[in-house]
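Residues per chain, in single letters:
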Amino acid sequence: MLSKRIIPCLDVREGKTTKGIEFKNNVDIGDPVEMARFYYEAGADELVFYDITASHEKRDIMIDVVRRVAKSIFIPFSVGGGIRTVDDMRTVLLAGAEKVSVNSAAVKQPDIISKGAKAFGSQCIVLGMDVKYVGEKKNIPSGYEIVINGGRKFMGIDALEWAMRAEALGAGEICLNSIDADGTQKGYELKLTGLISENVNIPLIASGGAGKPEHLSDVLTKGKADAALIASMVHYGAYTISEIKTCLHSSGIKVRMTW
Amino acid sequence: MIAIINYDAGNLASVAHAVSHIGFKCIVTSDLKEIAKADRIIFPGVGAAGSAMESLKRSGLHIALKDAFASGKPILGICLGTQIIMGHSQENDVTCLGVVDGNVCAFPADIRSKAGDRLKIPHMGWNRISIKVKHPVLSGVRKEDEFYFVHGYYPDPNDSNHVIATTDYGICFASVIGFKNIIATQFHPEKSGKPGLFILKNFCSWEPC
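Protein sequences, first through last, are from chains A and B.
Using my numbering, the letters of the first sequence correspond one by one to residues 5 to 263.
Using my numbering, the letters of the second sequence correspond one by one to residues 135 to 343.
Just so you know, not all the hints are guaranteed correct.
What the hints assert, rightly or not - In silico negatives: residues of chain A with every beta carbon more than 12 Å from chain B:
1) Arg71
2) Gln113
3) Asp115
What the hints assert, rightly or not - Covered stretches of chain A, as calculated for chain B (at least 3 residues, CB under 8 Å):
4) 120-134
5) 144-150
6) 256-262
The set of hints was computed from the structure by calculation and includes no laboratory data.
As the structure is a prediction and not an experimental result, all values here were calculated from the model.
We put the beta carbon where it would ideally sit given N, CA and C, even for glycine.
Chain A on its own, in the form it takes in the complex:
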């Protein structure tokens, strides 16, 4: 039976990771290629890179990172952040990423999903969604609204409707980030995750709020997620991937235990 995936997420700015400064291991701290290699060896099932480079001119640095990561690890990885066009997708995929994730560009121009899926296949198009709870309203029947710009801009789009529409447009996977839970380390937004996951037929990665292994256990069972994104809880050395997986395994969740 399919294993639930544990996916470390690395934010990269101008070729350097932005978290991981207290990362206690023999790795070149801040180098995304070294960190990718470290997580690959440590049992990560997949990796996610977000390019948070502000300047569009410096985006070639990220492409070089992607190229070097592709030569160093032999598990899938996706790249998101600043993907605006099908050409941006092509550049990232040709550099060696398995998947590319689109977020705000897809909200503004949904057809980037269908164009990307047609050009490269649904399996490599991930829809990133940033979501905030706003309460049930006429135009937001689920109570969860799509936001962009790190949660500052409300788009007036219902999160559940958007997820279902993205699936119909050809997205192959959803990475669902709760802005409310993000950074709290108090657990994933289970209600939101369950709502979206049960209403789409594509895999869902839960993101935002992971602080301890029990949080992953909750989101992979009660939250119906297919995969869980983690960041701070591993970047700062609080847990290893092996510790997290051992905990999930002992609570009866199928995870990959050999690597």
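Dock chain B against the given chain A, drawing on the hints supplied.
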């Protein structure tokens, strides 16, 4: 030299990186002469069967692949490559290469795990294989080893002797197919960590009898 067949079907660089990493020389090519000269062939691919077959026919690669099979040199199919060697695919209702008899079928729309949970399509992520027929390319694979899959269709050979290993995802499907000098995996060995690299290495030294 190992030729990795290039037919505009996805991330071929990752296959080349993995083969180089385990110490073998390879080229990513669509050149018919290079393919005829190669000692071994890797036939990878992601995407849809219809456009893949069109691309193969346009470039003459469909003939090159059949010739390679007839010549007896080792061939490794991966993912879409594994599906394309079958006779017919339900995806785009297209006739494929027909090197192995059988069809490529879609997962049923409403499949469930033994526990009754609804299973999503595509089958995406890490899963085990259960070996049915001993094969040199799978030697050393442990039952707890997992491999990375991403697919909505699966190969279904007519002859059960061609099913080398199976995987359970609501249904039990053929995840490794073998016939004469061809071995083909539905999963991605190049993205399956050390067990995947191990299989690639086995393939690179396999001498089909």
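Evaluation of the provided hints:
no.: 1; hint: Arg71; in the structure: violated, 9 Å
no.: 2; hint: Gln113; in the structure: holds, 23 Å
no.: 3; hint: Asp115; in the structure: holds, 19 Å
no.: 4; hint: 120-134; in the structure: holds (count 5)
no.: 5; hint: 144-150; in the structure: violated (count 0)
no.: 6; hint: 256-262; in the structure: holds (count 3)
Comparing the model with each earlier hint shows violations of hints 1 and 5; every other hint is respected.
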